[in-house]
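Keeping their order, the protein sequence lines are chains F and L. Taking our numbering, the leading residue of the first sequence gets 902, the next gets one more, and so forth. Taking our numbering, the leading residue of the second sequence gets 853, the next gets one more, and so forth.
Just so you know, not all the hints are guaranteed correct.
Stated by the list, open to error - Pulled a few chain L residues facing chain F out of the computed Cβ check, cut under 10 Å: (1) Leu-884; (2) Thr-903; (3) Asp-904; (4) Arg-905; (5) Gly-916; (6) Gly-918; (7) Val-921; (8) Val-928; (9) Asp-972; (10) Asp-980; (11) Gly-1041.
Just so you know, the hints here were simulated from the structure itself, not pulled from any lab data. Using N, Cα and C, we set each Cβ at its ideal position, and we do this for glycine too.
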Amino acid sequence: MARTTWLIPLGLMGCDPFGHWPEGVESIEGPLWDRDVVPSADGGVYVALPQAHALAYAAPGTDAVRVELEHDAEPTRLLASPGATRLLAFTQWPICTAETDEKIELVEDCPFDSLDWGYGLDLVSGTDAYATAEVPGFMNAIAFAPGDATAVAYLDYESGDDLPVDGVVDLSQVVFLDLEDGSAHTMSVGFSPNNILFSQKADKAVVLSRSKATVIGLEDFETLVTYDLTLDADAVVDPVGAQLTPDGRYAIISVQGSSDLYTLDLEVPHVDIKELVAAPSAMWVSPTTDYDFTVLGYASETRLDVYDHVYFNNQPVVLEEPIDRLVGADGIVVAYNDRASTHDIYRLDLSTLELTEYVAANPVSSLEILDVGGTPAFAVAVLRPESAGGSDLDQYQDQNWGLAVLDLLGDDIVNLVVESEPVGMALAERDGRAYALVLLDGVETLLMIDLAAPSAARQIELAAAPLGIGEMPDGSFYITHDSPLGLITFLDPTDPSSLETASGFATLGLFDDYELSAQEQE
Amino acid sequence: MIALLFASVSLAATELSLELGSTHASDRGYSLFSSREAMGSWGARVGFGLTDRTSLLVDWQHSGKGGEVETTGDDVDFQAALTVDQLAVGPRVGVHIQNVMPYATVQAVAMRGRVRLDGDRDSTDDLDEWKRSALTAGGLAMGGVQVIVGEPERAVRLSGHLEMGYGHAFPLDFGDFGSISFHGFALRGGAGIVF
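Can you build the whole structure from these sequences, using the hints too?
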């Protein structure tokens, strides 16, 4: 017996009587992955992993890769440059300031009141962090200049992020960044700079701050001219909407709660203030000189004001209902109201200023326009439920979420009822055909609607309930799912049956210790 | 007299015991499976008598931890399970004082860990179920006491033991998941037979 008993534990190790799940319950703070992923021109997406304090790159068909950031930092916000050729990651890293002879390596071993943070902005290409820019920790937003060479970091206080204050914070700062090498140039331009415009040549920027607009040359970061938006030191002028005219000569600025429209002449510096009929709720400035207009809409007035960019003469257009949203495309502007219970959607032809009215079945929640062959051909609106009224069928439609497909070349509108709230919508043109890709809350299918025949939607099975959809630089799409360990579907609309996935990436580094920055420990 | 006391039980006997154990685990990765800083385990050990004062211990311990992991700020939970098997082998040296035997032992440890993570317990596809396994090695240094009940001339007698000490294992490396370390205070206790 003694000679054989040693075989018992070996035998038990070989079998697997523990196939069942343990019955414990544990909890951790926060999700394993941030669903706000950022696409890359390389075909994958960047994902922040809050539990692992890491950044991952996930692509279909390959294992996820951890992107090593400077200072072993963790990403707090991710942004893609235009064309998604670079990732800009706001980062932070833990520093222990405790004075002790012992080497402290883990965050958990550092006294709480000795734990400090470093902040930066990492520039990533592919899976390599190639530069780190010194950006104050309170900044959380980026404006990109045309050409993918320059960007500006600033504070978007409206985002609701925590505002880390380390010593002194200058809330009038912006940081100009060279995206090639990460070199940074900090400037103070006025309190709360939060709206930054770039000329199309990317040779100058207009930074709007409270009661001030500053024009900065991007060659040497010199202030070219400063415009005071008010001469009264007690008055506060907060720009809310601003655009440059396509020739780059004028900056057109609307102001919060004011019926004044500011026009800054950037060539012959002066400010022109126009008195509008009311405070505008929406402004659209043509991006091209083909239709060189600024269009203004009002939540309190049933009109659009159309200003040309030569003499800034107004040509008002009368509506039946007020609007608060404007969406523009080549030669047209579509106006709707996403707050009121109104149903009207208007298309304004900028070449004739002719207005076409569409009536949606329900109030509009959001709207997107799709070009087909370079011409804006369709608009798709998400319709939200409203209080029921009318006949039984009207009631049914009123009580449900819906979609409206607008033919922008004619005046047709098709109203559809959908199963649940749309959580994501993208429009795509492939081979001359137009599609809306719609995700519904809790529904594990993707609706692919041919906009030329919207009544028959194709349903594509998904691996899990979706959360959102975004477009990749190559025109394909990614779909994020409500999956705790990470799941993203990649979809090519030309071949919707061949879905690819990246999954499990949120497990990357899940067991790793939360270490203090190695560089700070040296 | 002294010779009689020390000779009342021979370590040359064979021992078979069932055990409960605990190994310190203050590892961040382990906290996903248990909020305690120790990994409880159960198992069995066999002792092979070599001489009157020495024997060879072979000890196997198994632990299964985990369950549902709730994530604040996230609508969906996931399942996590960690199973660890330890096989420890090493000599034991002790002295007998009537039926009580204080002893010391050092053991080499082979450790196998298996991790399962499942994002959707209801589905069986490989999109949301992930497994990793790892092997590592370590050592144990423990002191303990064994008590043997029954007349020395009986062929089979009952025994009980309690031992504690320090254990250290190299991290279990679960690849891209990261690693989990077990080191620190170790405790074993059990009951069985000596024959």
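Hint check:
{"no.": "1", "hint": "Leu-884", "in the structure": "holds, 6 Å"}
{"no.": "2", "hint": "Thr-903", "in the structure": "violated, 15 Å"}
{"no.": "3", "hint": "Asp-904", "in the structure": "violated, 16 Å"}
{"no.": "4", "hint": "Arg-905", "in the structure": "violated, 18 Å"}
{"no.": "5", "hint": "Gly-916", "in the structure": "holds, 5 Å"}
{"no.": "6", "hint": "Gly-918", "in the structure": "holds, 4 Å"}
{"no.": "7", "hint": "Val-921", "in the structure": "holds, 5 Å"}
{"no.": "8", "hint": "Val-928", "in the structure": "holds, 5 Å"}
{"no.": "9", "hint": "Asp-972", "in the structure": "holds, 7 Å"}
{"no.": "10", "hint": "Asp-980", "in the structure": "holds, 6 Å"}
{"no.": "11", "hint": "Gly-1041", "in the structure": "violated, 17 Å"}
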